[in-house]
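*Asks:* Put together the whole structure using the sequences plus the hints.
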Amino acid sequence: MNLVDAGLYGVLVGGAVAVAAAVVLRGRARNVIAGLSVMAVGAFAAATGLAALAGMVGTGLVIPVSLPLVGGLDPLVLAPDRLGGFFLLLAGLVIATSALFGIGYAHGAAASRTGWTGFAVFAVGVALVPTAADALSFLLAWELMAIGSTVLLLADHAERQAVRAATMWYAVMTHLSFLLLVAGFGVLIAAAGGTSWSRMVTIAEPVASVAFVLLIAGFATKAGLVPMHVWLPRAHPEAPSHASAAMSAAMVKMGLYGILLVTLRLLPTGPSWWAVVLVALGAISALYGILQASVQSDLKRLLAYSTTENVGLITTAIGIGLLLHQSGQQAAAEVAFIAALLLALSHAVFKTTLFLGAGAVLHATGERDLDQLGGLAARMPVTALTFGVGALGAAALPVTSGFVAEWVLLQALIHTDAKADRLLAVVMPLTMGVVALTIGLGLLTFVKAAGIGFLARPRSEAAARATEVGFTMRAALVAAAGLTIGLGLIPGPLAQLLAGAVGATGIATSGLTGIQLGGLGTVILDPLVLTGLTAAMLAGIVIVNGIAARRHPRREVDLPWGCGGERTSPRMEYNATSYSEPLARVFGASLNTRRSVEIEHPEDAPLLVSGMVFNQETVDLVEDRVYVPAARLAQRLGDLARTVQNGSIHRYIGFSFAALLLVLVLVTR
Amino acid sequence: MNQHLFAQLIATITGVLLLTAILQIWGRSLVRSIGLLSVQGAALAALVLTVGLNAGEPQVWLVTGIVLLMKSVVLPAAMLRSAKLIGETRERPTTINPAVELIGAAGLTLIAYIVGVPLAGPDPDPARQALPVGFSLVLLGFWLLMIRRSAITQLVGFLVLDNGIATVSFLASGGLPLTVELGSSLDVLLVVLILGVLVVRMQRQQGHTDITELKELHD
Numbered sequence: 001m002n003l004v005d006a007g008l009y010g011v012l013v014g015g016a017v018a019v020a021a022a023v024v025l026r027g028r029a030r031n032v033i034a035g036l037s038v039m040a041v042g043a044f045a046a047a048t049g050l051a052a053l054a055g056m057v058g059t060g061l062v063i064p065v066s067l068p069l070v071g072g073l074d075p076l077v078l079a080p081d082r083l084g085g086f087f088l089l090l091a092g093l094v095i096a097t098s099a100l101f102g103i104g105y106a107h108g109a110a111a112s113r114t115g116w117t118g119f120a121v122f123a124v125g126v127a128l129v130p131t132a133a134d135a136l137s138f139l140l141a142w143e144l145m146a147i148g149s150t151v152l153l154l155a156d157h158a159e160r161q162a163v164r165a166a167t168m169w170y171a172v173m174t175h176l177s178f179l180l181l182v183a184g185f186g187v188l189i190a191a192a193g194g195t196s197w198s199r200m201v202t203i204a205e206p207v208a209s210v211a212f213v214l215l216i217a218g219f220a221t222k223a224g225l226v227p228m229h230v231w232l233p234r235a236h237p238e239a240p241s242h243a244s245a246a247m248s249a250a251m252v253k254m255g256l257y258g259i260l261l262v263t264l265r266l267l268p269t270g271p272s273w274w275a276v277v278l279v280a281l282g283a284i285s286a287l288y289g290i291l292q293a294s295v296q297s298d299l300k301r302l303l304a305y306s307t308t309e310n311v312g313l314i315t316t317a318i319g320i321g322l323l324l325h326q327s328g329q330q331a332a333a334e335v336a337f338i339a340a341l342l343l344a345l346s347h348a349v350f351k352t353t354l355f356l357g358a359g360a361v362l363h364a365t366g367e368r369d370l371d372q373l374g375g376l377a378a379r380m381p382v383t384a385l386t387f388g389v390g391a392l393g394a395a396a397l398p399v400t401s402g403f404v405a406e407w408v409l410l411q412a413l414i415h416t417d418a419k420a421d422r423l424l425a426v427v428m429p430l431t432m433g434v435v436a437l438t439i440g441l442g443l444l445t446f447v448k449a450a451g452i453g454f455l456a457r458p459r460s461e462a463a464a465r466a467t468e469v470g471f472t473m474r475a476a477l478v479a480a481a482g483l484t485i486g487l488g489l490i491p492g493p494l495a496q497l498l499a500g501a502v503g504a505t506g507i508a509t510s511g512l513t514g515i516q517l518g519g520l521g522t523v524i525l526d527p528l529v530l531t532g533l534t535a536a537m538l539a540g541i542v543i544v545n546g547i548a549a550r551r552h553p554r555r556e557v558d559l560p561w562g563c564g565g566e567r568t569s570p571r572m573e574y575n576a577t578s579y580s581e582p583l584a585r586v587f588g589a590s591l592n593t594r595r596s597v598e599i600e601h602p603e604d605a606p607l608l609v610s611g612m613v614f615n616q617e618t619v620d621l622v623e624d625r626v627y628v629p630a631a632r633l634a635q636r637l638g639d640l641a642r643t644v645q646n647g648s649i650h651r652y653i654g655f656s657f658a659a660l661l662l663v664l665v666l667v668t669r
Numbered sequence: 001m002n003q004h005l006f007a008q009l010i011a012t013i014t015g016v017l018l019l020t021a022i023l024q025i026w027g028r029s030l031v032r033s034i035g036l037l038s039v040q041g042a043a044l045a046a047l048v049l050t051v052g053l054n055a056g057e058p059q060v061w062l063v064t065g066i067v068l069l070m071k072s073v074v075l076p077a078a079m080l081r082s083a084k085l086i087g088e089t090r091e092r093p094t095t096i097n098p099a100v101e102l103i104g105a106a107g108l109t110l111i112a113y114i115v116g117v118p119l120a121g122p123d124p125d126p127a128r129q130a131l132p133v134g135f136s137l138v139l140l141g142f143w144l145l146m147i148r149r150s151a152i153t154q155l156v157g158f159l160v161l162d163n164g165i166a167t168v169s170f171l172a173s174g175g176l177p178l179t180v181e182l183g184s185s186l187d188v189l190l191v192v193l194i195l196g197v198l199v200v201r202m203q204r205q206q207g208h209t210d211i212t213e214l215k216e217l218h219d
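Line order of the protein sequences matches chains Z and X. Read left to right, the first sequence gives residues 1 to 669 (the numbering used here). Read left to right, the second sequence gives residues 1 to 219 (the numbering used here).
What the hints contain is simulated information worked out from the structure, not anything from laboratory work. A portion of the hints provided could be inaccurate.
Said to hold, decoys possible - Label pairs and their computed distance ranges (CB to CB):
id, chain 1, residue 1, chain 2, residue 2, range
1, Z, A658, X, L186, 29 to 39 Å
2, Z, A29, X, S169, 22 to 32 Å
3, X, D210, Z, V644, 40 to 50 Å
4, Z, R636, X, D210, 29 to 39 Å
5, Z, D639, X, G107, 45 to 55 Å
What the hints assert, rightly or not - Non-contacting residues of chain Z with respect to chain X, defined by C-beta distances greater than 10 Å in every case (computed):
id, residue
6, W169
7, L660
8, L661
Treat the numbers as computed from the prediction; the structure is a model and nothing was measured. Backbone N, C-alpha and C define an ideal beta-carbon position, used for all residues, glycine too.
*Replies:* Written out as structure tokens, the structure reads:
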């Protein structure tokens, strides 16, 4: 038994201990012991993942199965390969951090027996999905993950109505995903004659395309790609924040792992339209997600839409990689795949930071509406700093992992020889435009999230009374933010490991820490050196500034816009809605924004204004135009069925009776 | 066993089974209905005994005992108890004319015959020849479910249906294995006990057990 096998046992045992602790213990002890056990699950998963990513191969856990009617099946095998190892590492890091946060954060329903049990089951499920080496154990782990997260989400249903609606959406979409996967894997299993991944690599065309469509639809639903993203902006805000972090950063990635599994491992020789489908899905999701995020004022809803955006970017990178691979530009294709994996890990760490930060804000103020926040930087310095780091990552700015990942993606796009292929000549420039627009809007969005939320003066009583959160929550925030910066400064070693996972050859560590994309000429990024140089240059400016400040001490300046008075109030500040108003105007058609202004007049003077109410809401276009009509159609069909099914028992018996007579007559005819 | 005697016995017993079912449809008294059910159960036990002895099955006495106990004693007793608890003795008046009910029953018996004869196969033995009786019991049980309103008679109909299934299986297979018979008997017992409780609760809540009044659908 080597490290990989031992780690897998560790994950299972940790999960069992967590469930036992959640059931047996109560109060504070439950939070601590169950939380630490789930942390252990995460730690074991991360260690196992790292070992597998580095190329260690274990025998894995092999569970022989046989069903009475089907006969001997391939055994259930849990043995991660290098790609699975990467996603296991990612999931492990996220789970460990969010469990640490949960120890201090979980209260009410999230700290209940159900809440912690759901979290533990969910954590084990997420960790097992990338270790599966056959379709059956993959689906089992997948369903474990789905059930755990649904229970976790539903924990607070008694208190808040919105939780029930959100869970309903989530449960429906997650089951849709599961059904599509069962159908897709069913097609593959029937064609391959077994459930093991290793049997499925030789599947020929029409069957492969059918399986591709079914599986990609299923995985896209879990990953939250448009138009199957509707559960994300509902489920993430309503879940407890450590669960939102784990769901958004780890579970959604399993959908991406599935897409990579299908396109790289199971069906590696697909036609080029597969790649175009992926690029289109990804590009639409990226744009739509960031547009929606840019106008949201609910912090967690904003983060949920940003998840759709990032997943879209990653899917685009995968699609570009496939497209380049098919046109024979191997070096650029490998860079694109590396970019996809870097984006995935980068999103995992910064989105964990952001969701945990949002959780800390929610914990301290009870608010997640940006229009009610503000002024938290002074009151919650650690949260503000770490959230800022996460926002830098989400905006893809330097010293964070987001910058490195998007830099690598852009290198793949720039270094493509688009003239070689007509398809590439069309797809590449469009993708470049989408990625550039997405990055720009992302910057605006996260300036809003961090700036409106944490700077300026508090916009509500709750924000004014906020205090810094407890030690475990701060520790989790610092850990997640530290990972974001660490990956941003020292990306080289990780990139080299990832190169092994996708079978790339040209990627190497440059110097100690940088990335060298060898296949594209000498393209090198060394953030540590760059940061050092920048810091050295900035140091000069800071010194000059300091000297100047000492020479001219600070003067009190009266506010120039107070109209001579001092009547400034937080209501005069820019808030989230006003900040994003230009965006809502420019992209109004695709955002489906509804706004209303009501003006109140005094009774005796209809020309004077005594008050104004401004209301703006953004209804998800896809939900409004696709899902609501579909639900209405189902409702109408259900009403039709009611004329047949009127509640009379005699009528029901009559139906069975008639059916029986019909069958008897037909059989003996 | 003498084949002539065997044929006579089968004919008599299946005759009793069919007659009791028809009388169920004719009558309106709940107590008599349950009594008829007990007679039908006894006839079924006799059928098991006859078929089993003819086939020379070793466990025939045990199976006969179980069937007699369940179908003729335990189930009717349980139903009688429910009926006493709710204090109903007569079927509630229906909208269907009794003559129509009987004509319907006759029609169903004909259908059962038409359907059952081909299933018996070419040149059947006396047991297989009687298969249509089993089918007609199933159909008549269904018919009872259709035309009756009281919850107790619904139970009666269900049990007639079950007796029909048992009859078909005994006649077609020449005796059931012990475990299968045991399993299905316990199943039916459980259903009757649960429904007995439900019937009493219906009576308590609504003052009657008319199932046509149970029309409201709930989520």
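*Asks:* Against this structure, judge whether each hint is valid.
*Replies:* Against the structure, the hints come out as follows:
1. Z/A658 / X/L186: 29 to 39 Å: holds (30 Å)
2. Z/A29 / X/S169: 22 to 32 Å: violated (59 Å)
3. X/D210 / Z/V644: 40 to 50 Å: violated (22 Å)
4. Z/R636 / X/D210: 29 to 39 Å: Hint holds: Cβ distance 33 Å, inside 29 to 39 Å.
5. Z/D639 / X/G107: 45 to 55 Å: violated (36 Å)
6. W169: Z/W169 is indeed farther than 10 Å from all Cβ atoms of chain X, at 18 Å.
7. L660: violated (7 Å)
8. L661: violated (7 Å)
Checked against the numbered hints above, the structure violates hints 2, 3, 5, 7 and 8; every other hint is satisfied.
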